[in-house]
Amino acid sequence: MRPADNANNIEKLIKKLRYNGSAETHNRILGNVMQALDAVEKEKPNAPTQNIWRTIMKSKITKIAAAAVIVIAVVLCIHQFGEPLVTGTPTFAQVIQPILNAQTATLTIIIGQEGKGPEIHDMIMGSRIRRTLSNIEDLVAIIDLQTGRILQLSPKEKEAAYIDLKDWPSIPNYMDRLRNVITKLQDSPHFVIKELGIQEYNGQRLIGFRASHPKVEITIWADPETALPVRIEQISGQMQVICKDLQFDVPMDESLFSMDVPEGYSLQQAELDLHGATEEDFIEGLRIMAEDLGDGYFPDSVALEDYIREAPNVAKKIEEMGLSEKEQTELAMKLQQYLLFIRFFKGEGEWHYAGKDVKLGDAETPIFWYQPKDSETYRVIYGDLHIEDVASDKLPE
Amino acid sequence: MLQDKLLLRQVKSGSKDALRLIYKRYERDLLTLAANLLGDTGAAEDILQDVFVSFVRSVQNFHLRGSLKAYLLTCVANRSRDLLRKKKRQQTVNITEAKKSESNVKSPFYTALCNEELQKLGIAMTDLPYEQREVIVLRLHGNLKFRQIAKLQNVSIKTVISRYRYGLDRLRSLMNGEFTNETGR
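Protein sequences, first through last, are from chains S and C. Residue numbers for the first sequence, in my numbering: 1 to 397. Residue numbers for the second sequence, in my numbering: 1 to 185.
Rather than coming from a laboratory, the hints here were simulated on the basis of the structure. There may be inaccurate statements among the hints.
Here are some chain C residues the structure puts well away from chain S; computed CB gaps all over 10 Å [as the list claims (entries may be wrong)]: (1) A70; (2) C75; (3) L84; (4) K87; (5) A150; (6) K151; (7) K158; (8) L171; (9) R172.
Using 20 Å as the maximum straight-line C-alpha spacing, the simulated SDA-like pairs for lysine to any residue come out as follows [said to hold, decoys possible]: (10) S:K317 / C:K24; (11) C:K5 / S:K166; (12) S:K15 / C:S58; (13) S:K16 / C:N176; (14) S:K12 / C:I161; (15) S:K166 / S:Q269; (16) S:K244 / S:N202; (17) S:K15 / C:D29; (18) S:K15 / C:R65; (19) C:K120 / S:N9; (20) C:K5 / S:E284; (21) S:K156 / S:G126; (22) S:K346 / S:T278; (23) C:K69 / S:H26; (24) S:K12 / C:Q119; (25) C:K145 / S:N8; (26) C:K16 / S:A36; (27) C:K16 / S:L30; (28) S:K317 / C:S15; (29) S:K42 / C:G177; (30) S:K16 / C:S173; (31) C:K16 / S:R28; (32) S:K346 / S:E310; (33) S:K12 / C:L118; (34) S:K15 / C:G14; (35) S:K316 / C:R25; (36) C:K24 / S:T25; (37) S:K317 / C:Q60; (38) S:K317 / C:K145; (39) C:K12 / S:E43; (40) S:K317 / C:K16.
We put the beta carbon where it would ideally sit given N, CA and C, even for glycine.
The task is simple: from the sequences and hints, build the whole structure.
Okay, structure coming up:
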């Protein structure tokens, strides 16, 4: 049979018509292409840092996934220290009295250090919170603590999303809850209160009290004349939360807390499993943070407050990856689980992270370790993301 | 594909290593495509350079929706077609002379092939209508799907498949005719 007698043979022959070019040719072309890249880099304006959330928020799904964790980041703080406190002193009792009597409240919350992160603005009425975030434009979240549901609204885009929080502990009334917590704290034998005296803060004279417990440390600053608390600092685990600009019994319109979707809004639904994040989810998140978002290096920190601070940069990198909406959703969901693992950490004691400046693939360097509940050994994750069970006396220093 | 997206992001950040990797990954397929479409290795090299320079200049606003390879192949095909059209427009001589001229332009790649059989096949390729040659080359050297080629040529998939079959038939006839003549001598 002649070589070109059938279609297969002619196709095989055509495939042999290849031209690879010489090394010199490719060096020349590549050199010119690199020059073009240099020129582009010189002309490139400084990377925009503002309003980057607007970009990621264009995607409905990513918006829901990315914002939800941040929205609920501090809702459970009150719930978390629901064990225990104090033998009150009269003055401390006076300071907490407005909290105990209030029906509504407004406050500003900062996760981490003041001035370094975004601010969360809350209005509280009964079991509902109306929340906005300083670094996410066009987002209003109404959180119903009783049903474990969030209604996220984008007034400009006319978009709404219900997010159901799976395994959410029902909190009938936020202010009641707060009262119960404080009352319990007052009765706890583990709780110690230290009076910090009168100190000047931002030009204002404030009286301070530090209430300490093995699981939480709360510092309350109040106006010494009126005994109204104006600032509460709380350290719980590895998370610091500051509540400032506190005001109580502010008149509010009930409609601001409605869980009904406003007319003319398009609606999406999602579910967030708060306690479903596993070690595998966390490891996958570490891989994404290093490989996809960190140029091969692990992040400086895995703490939620640092993630929130870095969120605009993460959003920018995700945007630059040019992923489809489906891929963006998958990525956002994976990051969500990674954050939830840390936020609702289920291990004993504290977790430890040492991944800063460690390159993905480094099998020798431990980057994260923690003690699972009821385990005698620790789980240690290394830079190549393999895990070892390690006795406490052999933990990294 | 995710790897391409990651490399693309790094190029957007100014990474020369990432750009080099992309270039090295696709240089041969793109050059082969251009050489087969144009029949001229020098012009093919120019096209390859133009495509990459253009890619770099527009990379900041570039959003990859499919495969990067398919995108670059499409760029090479479009530029090759534009180049041939431009050359045709520049011809002021009559059709016969233009054909001769075109044949002269096409020949360097194929005549430089060491294998006589491939030389004949290459020269037979230059006798195909351009649309048929483009389909065959994109399919066999670019591994593009008929659907992708249809989109590029702005015709139906049926038309693309027909062009592919007619092109192969014609090549087979041309090649077999050559062999018949040789063996008949």
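Quick rundown of the hints versus the structure:
{"no.": "1", "hint": "A70", "result": "14 Å, holds"}
{"no.": "2", "hint": "C75", "result": "13 Å, holds"}
{"no.": "3", "hint": "L84", "result": "17 Å, holds"}
{"no.": "4", "hint": "K87", "result": "19 Å, holds"}
{"no.": "5", "hint": "A150", "result": "19 Å, holds"}
{"no.": "6", "hint": "K151", "result": "18 Å, holds"}
{"no.": "7", "hint": "K158", "result": "18 Å, holds"}
{"no.": "8", "hint": "L171", "result": "6 Å, violated"}
{"no.": "9", "hint": "R172", "result": "5 Å, violated"}
{"no.": "10", "hint": "S:K317 / C:K24", "result": "24 Å, violated"}
{"no.": "11", "hint": "C:K5 / S:K166", "result": "34 Å, violated"}
{"no.": "12", "hint": "S:K15 / C:S58", "result": "32 Å, violated"}
{"no.": "13", "hint": "S:K16 / C:N176", "result": "18 Å, holds"}
{"no.": "14", "hint": "S:K12 / C:I161", "result": "18 Å, holds"}
{"no.": "15", "hint": "S:K166 / S:Q269", "result": "13 Å, holds"}
{"no.": "16", "hint": "S:K244 / S:N202", "result": "12 Å, holds"}
{"no.": "17", "hint": "S:K15 / C:D29", "result": "11 Å, holds"}
{"no.": "18", "hint": "S:K15 / C:R65", "result": "28 Å, violated"}
{"no.": "19", "hint": "C:K120 / S:N9", "result": "14 Å, holds"}
{"no.": "20", "hint": "C:K5 / S:E284", "result": "18 Å, holds"}
{"no.": "21", "hint": "S:K156 / S:G126", "result": "27 Å, violated"}
{"no.": "22", "hint": "S:K346 / S:T278", "result": "10 Å, holds"}
{"no.": "23", "hint": "C:K69 / S:H26", "result": "18 Å, holds"}
{"no.": "24", "hint": "S:K12 / C:Q119", "result": "14 Å, holds"}
{"no.": "25", "hint": "C:K145 / S:N8", "result": "17 Å, holds"}
{"no.": "26", "hint": "C:K16 / S:A36", "result": "11 Å, holds"}
{"no.": "27", "hint": "C:K16 / S:L30", "result": "10 Å, holds"}
{"no.": "28", "hint": "S:K317 / C:S15", "result": "14 Å, holds"}
{"no.": "29", "hint": "S:K42 / C:G177", "result": "58 Å, violated"}
{"no.": "30", "hint": "S:K16 / C:S173", "result": "19 Å, holds"}
{"no.": "31", "hint": "C:K16 / S:R28", "result": "15 Å, holds"}
{"no.": "32", "hint": "S:K346 / S:E310", "result": "24 Å, violated"}
{"no.": "33", "hint": "S:K12 / C:L118", "result": "11 Å, holds"}
{"no.": "34", "hint": "S:K15 / C:G14", "result": "35 Å, violated"}
{"no.": "35", "hint": "S:K316 / C:R25", "result": "26 Å, violated"}
{"no.": "36", "hint": "C:K24 / S:T25", "result": "13 Å, holds"}
{"no.": "37", "hint": "S:K317 / C:Q60", "result": "13 Å, holds"}
{"no.": "38", "hint": "S:K317 / C:K145", "result": "31 Å, violated"}
{"no.": "39", "hint": "C:K12 / S:E43", "result": "13 Å, holds"}
{"no.": "40", "hint": "S:K317 / C:K16", "result": "18 Å, holds"}
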